[in-house]
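J.: What follows is each chain in one-letter form.
There are 2 protein chains.
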Amino acid sequence: MKSLLSIIILFCSLFLKSQEIDSLKLREIYDFNLQQSNCYENLRSLCKDIGHRLSGSKSAQKAVEWAELLMKNSNLDTVYLQQITVPHWKRGDVEKVYWKNINGETIDVNCTALGGSVGTNGIVNGEVIEIKNWSQLEEFGKNKIKGKIVFFNRVMNPTYINTGMAYGSCVDQRHSGASRAVEYGAIGVLVRSMTLKFDNIPHTGSMSYADSTKKIPAVAISTVDAHNLSEALKNNELKYLFMELSCKQLDDTISYNVIGEIKGQEFPDEIVLVGGHLDSWDIGEGAHDDGAGVVQSLQVLETFKKLKFKPKRTLRCVMYMNEENGNRGGKHYASMVRKTGEKHLFALESDRGGFSPRGFSIDGTKIQLEYLQSFEKLFKPYQLHVFSKGYSGVDIGPLKDGKLCLVGLIPDSQRYFDFHHSKADVFENVHKRELELGASAISSIVYLVDKYGLPENKSLKK
Amino acid sequence: MKSLLSIIILFCSLFLKSQEIDSLKLREIYDFNLQQSNCYENLRSLCKDIGHRLSGSKSAQKAVEWAELLMKNSNLDTVYLQQITVPHWKRGDVEKVYWKNINGETIDVNCTALGGSVGTNGIVNGEVIEIKNWSQLEEFGKNKIKGKIVFFNRVMNPTYINTGMAYGSCVDQRHSGASRAVEYGAIGVLVRSMTLKFDNIPHTGSMSYADSTKKIPAVAISTVDAHNLSEALKNNELKYLFMELSCKQLDDTISYNVIGEIKGQEFPDEIVLVGGHLDSWDIGEGAHDDGAGVVQSLQVLETFKKLKFKPKRTLRCVMYMNEENGNRGGKHYASMVRKTGEKHLFALESDRGGFSPRGFSIDGTKIQLEYLQSFEKLFKPYQLHVFSKGYSGVDIGPLKDGKLCLVGLIPDSQRYFDFHHSKADVFENVHKRELELGASAISSIVYLVDKYGLPENKSLKK
Chain E
2 MKSLLSIIIL FCSLFLKSQE IDSLKLREIY DFNLQQSNCY ENLRSLCKDI GHRLSGSKSA
62 QKAVEWAELL MKNSNLDTVY LQQITVPHWK RGDVEKVYWK NINGETIDVN CTALGGSVGT
122 NGIVNGEVIE IKNWSQLEEF GKNKIKGKIV FFNRVMNPTY INTGMAYGSC VDQRHSGASR
182 AVEYGAIGVL VRSMTLKFDN IPHTGSMSYA DSTKKIPAVA ISTVDAHNLS EALKNNELKY
242 LFMELSCKQL DDTISYNVIG EIKGQEFPDE IVLVGGHLDS WDIGEGAHDD GAGVVQSLQV
302 LETFKKLKFK PKRTLRCVMY MNEENGNRGG KHYASMVRKT GEKHLFALES DRGGFSPRGF
362 SIDGTKIQLE YLQSFEKLFK PYQLHVFSKG YSGVDIGPLK DGKLCLVGLI PDSQRYFDFH
422 HSKADVFENV HKRELELGAS AISSIVYLVD KYGLPENKSL KK
Chain C
2 MKSLLSIIIL FCSLFLKSQE IDSLKLREIY DFNLQQSNCY ENLRSLCKDI GHRLSGSKSA
62 QKAVEWAELL MKNSNLDTVY LQQITVPHWK RGDVEKVYWK NINGETIDVN CTALGGSVGT
122 NGIVNGEVIE IKNWSQLEEF GKNKIKGKIV FFNRVMNPTY INTGMAYGSC VDQRHSGASR
182 AVEYGAIGVL VRSMTLKFDN IPHTGSMSYA DSTKKIPAVA ISTVDAHNLS EALKNNELKY
242 LFMELSCKQL DDTISYNVIG EIKGQEFPDE IVLVGGHLDS WDIGEGAHDD GAGVVQSLQV
302 LETFKKLKFK PKRTLRCVMY MNEENGNRGG KHYASMVRKT GEKHLFALES DRGGFSPRGF
362 SIDGTKIQLE YLQSFEKLFK PYQLHVFSKG YSGVDIGPLK DGKLCLVGLI PDSQRYFDFH
422 HSKADVFENV HKRELELGAS AISSIVYLVD KYGLPENKSL KK
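These protein sequence lines map, in sequence, to chains E and C.
Going by the numbering used here, the letters in the first sequence line up with residues 2 to 463, in that order.
Going by the numbering used here, the letters in the second sequence line up with residues 2 to 463, in that order.
For the record, the hints were derived by calculation from the structure and aren't laboratory data.
Keep in mind that this is a model prediction, so the values were computed, not measured.
It cannot be assumed that every hint is accurate.
Since the list gives no way to pick out one identical chain from another, each pair is judged satisfied if it fits inside one copy or across any two copies.
Unchecked claim - Restricting the straight-line Cα-Cα distance to at most 27 Å, the calculated cross-link-like pairs of lysine-lysine (DSS-like) are: (1) 452 to 309; (2) 249 to 216; (3) 381 to 367; (4) 215 to 424; (5) 378 to 367; (6) 344 to 332.
Working from the sequences, and respecting the hints, build out all of it.
T.: Below you can see the structure in the form of structure tokens.
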């Protein structure tokens with residue numbers, strides 16, 4: 002009886018000891034990142050030395066070289082490129098939307114072509130019909146829509162607390178508006194920008210055509226312009242609207258995922274992945290989307306290096322290419338993992354902006370979810386409180402296989418869509434400490450997963 | 002046995018029903034505020050039509066009139082002013098700090114006089130001695146300090162996750178630096194600005210003298226200037242530093258707390274108070290500090306009005322005067338409560354910036370704390386997660402009597418000290434949704450406290 006009690010006491014004290022060590026390690030990770038992190042300066046360099054970097058562009062190639070050099074300078078054990086083929090869409094010099102009112106006056110509209118749109122090949126002009134939901138499209142039918150420009154003006158719902166939900170409930174009109182409207186004979190598409198802010202800044206983003214023979218131009222307009230246009234239509238003040246876009250789709254081209262690793266000391270064949278996407282839209286600087294995610298991801302490996310933590314498993318940072326308009330990087334990476342049979346234990350993506358972190362969205366088995374939730378109390382001093390089941394991210398999504406645990410960093414969402422896909426997504430709008438707190442949070446969870454492994458994986462070794 | 006079971010089932014279903022009703026009411030409060038709140042436009046008006054409003058200034062008087070009119074326009078049941086006497090400190094036109102290096106070059110320093118400082122009465126100049134903590138002051142002693150300007154350069158610790166803690170551990174050098182240094186014969190004081198940001202913006206704030214006969218001028222300098230000055234001292238590059246300030250203390254003057262109420266329907270004599278402070282420092286616009294708090298507080302009453310909620314208890318919004326440099330408003334309000342014996346049940350203050358709300362800091366009895374914590378799950382959909390024991394706020398602090406429950410709204414703290422007491426604290430740096438989410442959070446907790454009362458108060462009526 003006595004010896005059983007001793008064993009129990011020993012176990013409890015070992016458990017408490019380990020908790021205490023973890024708590025100290027997390028403190029060390031946060032202290033380091035809040036005082037000596039490189040991630041803010043790395044983001045400045047990416048935003049200011051490279052700037053925006055749409056797949057296929059020269060600056061995307063420069064970003065690949067920048068990332069490779071940065072990883073090499075971090076003295077990672079391995080740094081390599083993974084070649085992929087990416088779409089190459091190019092915004093033209095001409096990007097104009099304006100309308101004439103019944104008095105013959107011209108009203109200019111703040112606009113930006115949607116990524117993937119065809120150009121107008123001259124000027125497209127016509128009457129405008131406003132649509133708020135898909136059923137209206139059907140109601141109006143070919144009779145009313147044919148020959149007109151369709152204006153998708155569904156507003157992002159401000160009552161969603163998580164702005165990502167508001168985005169998710171609206172983005173279909175941007176993505177599929179043109180391909181749906183063309184079926185009713187539309188000649189062009191305007192889409193209200195995906196933002197909760199009421200301002201003059203248009204936000205681009207991806208769209209695609211369902212049918213390669215029926216392509217009509219599609220352009221985003223600012224929320225203020227969308228409001229004004231809607232009012233003008235209501236008051237019968239709008240006569241014709243004019244669109245002129247010189248954007249075009251070029252041939253696919255070669256690009257790369259950029260990958261860096263620290264080899265694991267005990268289980269080098271088990272990968273713990275952390276990543277974001279290196280490409281961005283071609284306006285602004287891709288600071289929050291997703292410069293923040295790539296510099297934070299690299300910062301995880303930097304943290305291990307600088308604090309002389311020797312990972313048990315192989316830590317891999319992946320800077321994906323082409324998340325914005327094709328996800329070719331994420332898909333190719335996953336297909337290579339399937340081909341080579343590389344054992345991935347855990348993958349974490351940061352792609353929701355460099356804001357004050359709130360927690361993690363976990364896409365794994367029930368046991369993995371509960372296991373990660375058991376770490377929640379370690380994060381309480383750092384004000385992380387979300388450890389819930391949910392979607393991880395676009396780049397790591399294709400890795401999903403029912404066994405691997407996928408996780409997305411969840412920052413505060415209130416400001417993200419103020420900047421997302423617009424000229425306002427610049428370095429100056431990222432807050433140093435918030436970025437560093439995000440890097441600390443993902444470094445911490447990677448530290449714990451590396452140390453303890455994860456349940457429901459054959460190779461779990463505590 | 003059967004009837005007991007029925008009673009239990011009835012109780013459970015009533016309990017669940019009430020939870021469901023509360024959850025719907027909170028949803029209604031949030032929906033209203035995220036779609037139709039006035040608080041952002043009210044803040045714009047306070048910042049742009051009035052601007053900064055230091056106690057005793059003309060603009061503070063304008064702010065009192067503005068607040069009274071706003072409350073009257075909100076059709077509150079009662080609106081009145083509570084007269085107080087406030088200090089009147091005036092920044093002068095001259096505000097200059099510069100130093101000469103060994104090559105005779107002049108280096109200008111970004112500075113702002115500390116509130117309460119005497120002027121320099123001409124130019125004060127001398128050598129500079131850098132101090133990082135109080136014990137250094139003692140170590141150097143009169144021998145080294147006499148006739149010099151003391152430069153307090155303790156850095157806000159970036160490893161605190163809550164930036165308020167970092168502020169709290171540094172602000173003593175601003176507040177007491179001059180009165181401590183003068184004991185060693187110092188002729189002036191420079192204080193590193195209280196911010197975690199490394200930039201050129203100086204931040205003012207209150208200071209006071211322990212001894213009315215020994216007053217030396219005190220000025221804040223930006224963190225970049227503090228860094229440069231420290232480097233210059235280290236490298237023996239600084240010869241003399243010059244200070245010229247024309248600020249002065251004028252006679253006390255009359256001002257007011259502005260108070261508005263909705264009368265309670267069942268217990269009109271029980272007060273549920275919500276407030277912030279109307280005064281601000283005399284640079285910037287006092288947008289986060291504390292324009293946000295006053296417009297959010299009024300928004301609580303607006304929410305009840307517009308949603309036609311009839312409060313059981315009397316809801317009172319107090320816009321306090323003189324939080325920044327004397328807290329005369331808060332102290333006088335509390336003394337009047339003691340004098341009249343007015344029964345206060347609950348007081349909530351919003352004075353930590355208009356950022357994304359995280360929860361509440363509760364200064365009450367153990368039972369009150371646990372009682373408020375029982376509401377935490379109702380706030381989970383709104384991402385509030387802090388319901389912990391802690392300090393409430395400066396204005397409501399004097400009400401503390403061991404029975405009354407005091408609460409502070411806790412927003413995300415990362416950005417607050419970027420703006421606090423500086424020219425950067427302007428309307429443009431407040432985020433509409435974040436401000437509205439804060440107003441929703443305090444409206445919600447006031448709704449619950451009004452409905453259910455609070456334990457450990459004689460008049461608790463559920």
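J.: Taking the hints in turn, state whether each one holds.
T.: Against the structure, the hints:
| no. | hint | result |
| --- | --- | --- |
| 1 | 452 to 309 | within (14 Å within a copy, 55 Å between copies) |
| 2 | 249 to 216 | within (12 Å within a copy, 71 Å between copies) |
| 3 | 381 to 367 | both (22 Å within a copy, 21 Å between copies) |
| 4 | 215 to 424 | neither (30 Å within a copy, 55 Å between copies) |
| 5 | 378 to 367 | both (19 Å within a copy, 22 Å between copies) |
| 6 | 344 to 332 | within (17 Å within a copy, 65 Å between copies) |
When each numbered hint is compared with the structure, a violation occurs for hint 4 only.
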